[in-house]
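One letter stands for each residue in the lines below.
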Amino acid sequence: MALGTARPSPIGEVVAAETARFTAECYEVHCPPPLGSLVRAGEALGVVFRAETAGLEPGRVPIARGRGYAREEDVYRENPQLAKLLRTTFESLAVGSWDGQGLAIPRLPPAPPRLHGFVYLCPPEAVRAFTASWDFLDRLLAGPLGEASDQALAACLRAASATHPDSRAFLVAAGKELAPRLRGDLPRLTALLRGMRP
Amino acid sequence: MTQERLGLVVGGSLTRGLEIKLDPGVSIENMAVGRYIVLQGERRRFLAMVTDVSLGAMDPALALAPPEVSDPFFAEVMRGTATYGKLQVMPMLAIGGDVAALPAGPQPVKTVPAHFAEAYAASQADMELVFGPEDERRMVIGSPLDMEVKVCLDLERLAERSTGVFGKTGTGKTYLTLLLLAGLIQKGKAVNLVFDMHNDYGWQVSAEHGRRAKGLKQLFSSQVAVFTLDEESSRRRGISPDFVVELGYDEIEPEDMALLAEALNLTPLAVDAVYALARRFGRSRWLKWLLEEGEGQTPETLASLNIAEGTFQALTRRLERLRRLPFLVEKAARPALPELLQYLESGRHVVLEFGRYDRDDVAHILVANVLARRIHDRWRARCEAARGGGGSEPPILVLTLEEAHKLLSPQVARQTIFGTIAREMRKFRVTLLVVDQRPSGIDGEIMSQLATRLLCLLDSEEDIEAALAGVPGKGELRTVLSRLESRQQALLLGHALPVPVVVRTRDYDEEFYRSLGPARRAGGGPPEPEVTIEELFPE
Ligand SMILES: Nc1ncnc2c1ncn2[C@@H]1O[C@H](COP(=O)(O)OP(=O)(O)OP(=O)(O)O)[C@@H](O)[C@H]1O
Ligand SMILES: [Mg+2]
Numbered sequence: 183m184a185l186g187t188a189r190p191s192p193i194g195e196v197v198a199a200e201t202a203r204f205t206a207e208c209y210e211v212h213c214p215p216p217l218g219s220l221v222r223a224g225e226a227l228g229v230v231f232r233a234e235t236a237g238l239e240p241g242r243v244p245i246a247r248g249r250g251y252a253r254e255e256d257v258y259r260e261n262p263q264l265a266k267l268l269r270t271t272f273e274s275l276a277v278g279s280w281d282g283q284g285l286a287i288p289r290l291p292p293a294p295p296r297l298h299g300f301v302y303l304c305p306p307e308a309v310r311a312f313t314a315s316w317d318f319l320d321r322l323l324a325g326p327l328g329e330a331s332d333q334a335l336a337a338c339l340r341a342a343s344a345t346h347p348d349s350r351a352f353l354v355a356a357g358k359e360l361a362p363r364l365r366g367d368l369p370r371l372t373a374l375l376r377g378m379r380p
Numbered sequence: 057m058t059q060e061r062l063g064l065v066v067g068g069s070l071t072r073g074l075e076i077k078l079d080p081g082v083s084i085e086n087m088a089v090g091r092y093i094v095l096q097g098e099r100r101r102f103l104a105m106v107t108d109v110s111l112g113a114m115d116p117a118l119a120l121a122p123p124e125v126s127d128p129f130f131a132e133v134m135r136g137t138a139t140y141g142k143l144q145v146m147p148m149l150a151i152g153g154d155v156a157a158l159p160a161g162p163q164p165v166k167t168v169p170a171h172f173a174e175a176y177a178a179s180q181a182d183m184e185l186v187f188g189p190e191d192e193r194r195m196v197i198g199s200p201l202d203m204e205v206k207v208c209l210d211l212e213r214l215a216e217r218s219t220g221v222f223g224k225t226g227t228g229k230t231y232l233t234l235l236l237l238a239g240l241i242q243k244g245k246a247v248n249l250v251f252d253m254h255n256d257y258g259w260q261v262s263a264e265h266g267r268r269a270k271g272l273k274q275l276f277s278s279q280v281a282v283f284t285l286d287e288e289s290s291r292r293r294g295i296s297p298d299f300v301v302e303l304g305y306d307e308i309e310p311e312d313m314a315l316l317a318e319a320l321n322l323t324p325l326a327v328d329a330v331y332a333l334a335r336r337f338g339r340s341r342w343l344k345w346l347l348e349e350g351e352g353q354t355p356e357t358l359a360s361l362n363i364a365e366g367t368f369q370a371l372t373r374r375l376e377r378l379r380r381l382p383f384l385v386e387k388a389a390r391p392a393l394p395e396l397l398q399y400l401e402s403g404r405h406v407v408l409e410f411g412r413y414d415r416d417d418v419a420h421i422l423v424a425n426v427l428a429r430r431i432h433d434r435w436r437a438r439c440e441a442a443r444g445g446g447g448s449e450p451p452i453l454v455l456t457l458e459e460a461h462k463l464l465s466p467q468v469a470r471q472t473i474f475g476t477i478a479r480e481m482r483k484f485r486v487t488l489l490v491v492d493q494r495p496s497g498i499d500g501e502i503m504s505q506l507a508t509r510l511l512c513l514l515d516s517e518e519d520i521e522a523a524l525a526g527v528p529g530k531g532e533l534r535t536v537l538s539r540l541e542s543r544q545q546a547l548l549l550g551h552a553l554p555v556p557v558v559v560r561t562r563d564y565d566e567e568f569y570r571s572l573g574p575a576r577r578a579g580g581g582p583p584e585p586e587v588t589i590e591e592l593f594p595e
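Same order as they appear, the protein sequences are chains X and W. Sequence positions in the first sequence follow my numbering and run 183 to 380. Sequence positions in the second sequence follow my numbering and run 57 to 595.
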C-alpha cells in the first residue's frame, strides 16, 4: 500500500501521545479531520474518534460574543483575535502502524508518535488497503469512549466504503463482521449499523 | 478444484444426522432438502444428503426484539451472522480422501467427520464418482437438484430385482417408467412385458396440452410388439397391433376366480364352488360348462357337487359378467400365449394394451394373471432345465404393472402369480416393475421385496410410510419425499443406486429419443439397439 508516497501537506501536529492513542492540534482552527478519518503520525496509524476546540489559555474560558449580530460569521469578523485564542485538537485511536516501506500493518507501533510529529490524512488508496482486512475493528470496538468511538467506527466504515468498488457490499461485509463480535449486545450492534447504513 | 464452502459441522451423530452451521455468505434459500453436500473430514470425504433446513439465532433477544429488518441493509447483515442457517444432513457414503485418488470406491458410512469439518456443495466429480458414468449398464435418469451433473441408474441391478415406481397422479410415473423401459430395452438388460392398463406405452403416450410423446413401439419398431385386448381401440389410436389377444374359457383356472372374488363380488362359498366344479369337470373345462350348461342344473347335480343352490345361482349370475368381455371366448382362435412366448423368448418386448378395458378391474386381474402365470411357468421350466444342464437360462423378464395395487393388494397378494414372483425374487429370472399411485394399497411383504424404489411426490402419510418401509434413514427421507415438487422430481433409492438421491427426472423428449438412436453407433459405442438385443438373446 502506498502510504504517503506523494508528499501531502500535514493537517496538524502531535501534541500528546501514548501507546494506544494520540492527540494532535490542527493547523486550522475548526478544521479537524472528519470523525472516523484514517490518519498517520510517524509510524502510527489512527482513526479519529474525537475532536475539540477550546480556548488556548487554560484559565480563560470563551465567553459569548454574538449578541446583536445577525450572522454567526460576523462574530469572527468583528473579533479577529478570536482565531488566535482558540485551538482545535483531535484524538486518534492507534489502530495500526506504517512499516516505513509504505505498508500498513494491523498492529500498534512499538512506540507512540513523537510530539510535534506531523499528522497526515491517509489518501483513499491507503484507506482501501487498510480496510481490506478487519483487524482494526476490534481496536475500535474496544475504544475508550463507548458510544462515541462506536460512532467513529461507523463513520470510518462509511468513509472507507467510498474507497471500495462496491461500497454497499463493503458495508454489509463489515456489518457481518461486527455482528458476531457484538453477540449478546443487540442494542449496540443496532446502533452501530444505524450509523453505518449506506 | 475450488468448491463453494457452505459451512461447518457443529454437532450431530451418525444415526441422527449431522448439524451444519451455514457460513454467513451462504443463502439458506438455496439449500433444498434432498440436495447433496460433501463434508471434508480429515482422512475422507463424506457424501451427505440435506434432510432439514432451519434457522438459528445467536442472541435470544433477537427473537424478542427483531431489529429493523424492514431495512434491507439490516436484514442482509443479520442473515448468517446474528441469525444463521442450519442444515441437518445425513451422511450416506464415505468417498476416500481425495476424489481423484479413490481406488476403493465409495464406502458405507461407519463414522462421522470431526467437529468443524467443512461442508461444500457436492461437485460434479463427487457425483460422477458416486453414480458412475453412463455406460453399457447404466443410464442417465436425471440430475440432482440445482446441479448439472447426471445421475445414473444401474439397469442391470434394476432388472435383477423388483422395482416400484410410486407417486400421486400426474407426478410423472408413466414417463419415468418409459425412461426405464427404454433404457432396459436399449441396453439389453431385460425382456419386457408391459401390462399397459391405460394404453400409454405402445405407440404414444398422451401428455397435457395436446403434446404427445413416443411409445416404445415408435422408439424400437420391430423390437417391440403391441398386443391388444381391444383391436378397435388400438386402431382408433392409429396402431395396427401385432396381435389381438383372446383368452379361452379353458385358460381360466379356479385360482383366478379366487383373485377375482372381490372384483366380481364372490363369496368364499362361491369360490369354493368353483374349485368343486373344477374338480368335477377339469381345470380347463369348468368355466365352459358353467357358462354354457350351468343354467337349469338340477338340484341333484348340485347336491352331488356339494354346492348349495343359492351359492350356485349367485355364482352363475356373477360370472355372466365374464361373458360380456369380448376378448374372453370359448376357445381362442389363436391362443395368445405361444405367440407371446415366442416374442419374449426371442428377446423382443411386448406391450399389452387394454384398450377400452382401462378401468375394468376384472379384465386387469384376469388377463394379467392368466398370462403372467403361464409365462412364469415357462421361465421357471427353462431356468430349472438350465440348472440341470439343459439349455441356456432365459433372459431376465421384467413384468411392468400399472395399477399394481389391483394385483398386489394384501387381499390377493398371497394368491396372485405376481405375489409369488415378488417373493421368490430373481430365482427364475422374472422380476416386477410395479407402478402405482398408492403404495399403501400394496401388500407390505411385496413392498419389502421392491429393491429399487423410484418415488415421486406422495401426499398421504400412509403412502409415504409404505413407500419408505424398511428403508434406512426413513425418518429423514420422509421429509425429503414430502417436499418433492409435484412433477418430474423423484427420490430414487435402493438396489440400483449407491445412495438415495433426489433428481429432476430427465426429459422424455426428442433429445432422449435421439440419445437412443444411431448417434451412439456413430461414436463407436455399442451398436444400434436392434442388433444388441438379437446378439444378446439369439433365438
Ligand atoms: N420425464 C418427463 N419428461 C417430460 N414430461 C414429463 C416427464 N415427467 C412428467 N412429465 C409431464 O407430466 C405429465 C404427467 O406425467 P405422467 O403421465 O407420467 O404422470 P403419472 O404419474 O403417470 O400420472 P397418473 O397417475 O395419472 O397416470 C406428463 O403428461 C408430462 O407432460
Ligand atoms: Mg400414468
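Errors might be hidden in some of the hints.
[As the list claims (entries may be wrong)] Distance condition first, Cα-Cα at most 30 Å in a straight line; then the derived BS3-like pairs of lysine-lysine: (1) Lys142/W - Lys358/X; (2) Lys387/W - Lys483/W; (3) Lys77/W - Lys483/W; (4) Lys77/W - Lys358/X.
FYI, nobody ran anything at the bench for these hints, they're computed from the structure.
When the hints from earlier in the document are held up against this structure, which numbers fail?
2, 3
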